[in-house]
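Visitor: So the mapping is simple: the numbering used here equals the position in the sequence shown, first residue as 1, plus 842.
Be aware that a few hints might be false.
[Claimed, not checked] No more than 16 angstroms apart at the CA atoms, straight line, and that leaves these computed lysine to aspartate or glutamate pairs for EDC-like: (1) 1029 / 1060; (2) 1011 / 1043; (3) 934 / 945; (4) 888 / 985; (5) 881 / 907; (6) 1029 / 1010; (7) 881 / 945; (8) 1090 / 907; (9) 888 / 966; (10) 888 / 1010.
Just so you know, the hints here were simulated from the structure itself, not pulled from any lab data.
As the structure is a computational prediction, the values presented were derived from the model and not from experiment.
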Amino acid sequence: MPLHPFAESIRITRLAIIMFTASHLDHSDAFGDEPAAGKQVEQSLKVSETLTIPYLLFLPDGYDESSEREWPVILFLHGRGESRGPLSLVAKWGPPRFAARGDDLPYIVIAPQCPNETNWIDPEQQNGILALLDHTLTELQCDRTRVYLTGLSMGGYGSWRLAADHPEKFAAVVPICGKGAPTDASKLVDLPIWVFHGDKDSSVPFQHSVDMVNAIREAGGNNIRFTTLEEVGHNCWSAAYATPELFKWLDEQNTTQE
């Protein structure tokens, strides 16, 4: 049995090129089940008087609080469509989807939900994401050297922003069909990044990813990959997360690398 979830292979061309901390956080499992190994449950975190973050939390099979084993963490940022409804929508795509369908997923996965009236690059939401991440790293058995950030569409925008502002927090970043600021390139040169984008995307132009990759390379970054999904539109994330090498590549990244 493979370690990671794969889907049917698709035609891709891979180009070998890609604080805030709240002082008083109120954690609640008001949405339902207690966290447990092999389960994905709904949770919430009160960051401030004006911000409470609902999120999905997945603990991998084998997670045991009595053990000293630490687990890598995936922070997943969803797209705009998953803001428009219940928290369960966040499990529609990406790692939360794999967790929901019972795939073998050897990571702690945290997947917050962004309110429909705002977005992931909003400063308050960015601060909330950081607070949630810090809370998770403190409360759970996490490997702090292996924290991976990924997001799609609106979440791709948020991933670029969060990575540029806090590159030291992540071992690797996987922005999918998002947009970053090329002026941030110098902040990202040392961070392992794998970018995915469909070249027929009519919602978030493919050129946005091209511009980011080129800017980072020109700034001296040499640990960036760029996968062009040929003849694929906006929903390129299904293909991206089905890339067999992706999770193997993630597992090879950590912040202790020379």
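Visitor: Next step is simple, just say for each hint if it's right about the structure.
Guide: For each hint, the structure was consulted:
1. 1029 / 1060: holds (12 angstroms)
2. 1011 / 1043: violated (30 angstroms)
3. 934 / 945: It holds: about 14 angstroms lies between the C-alpha atoms, which stays within 16 angstroms.
4. 888 / 985: violated (24 angstroms)
5. 881 / 907: This hinted pair holds, its Cα atoms lying about 15 angstroms apart.
6. 1029 / 1010: holds (10 angstroms)
7. 881 / 945: holds (11 angstroms)
8. 1090 / 907: violated (26 angstroms)
9. 888 / 966: holds (13 angstroms)
10. 888 / 1010: With Cα atoms ~25 angstroms apart, residue 888 and residue 1010 exceed 16 angstroms; violated.
In the structure shown, a violation is registered for the earlier hints numbered 2, 4, 8 and 10, in ascending order.
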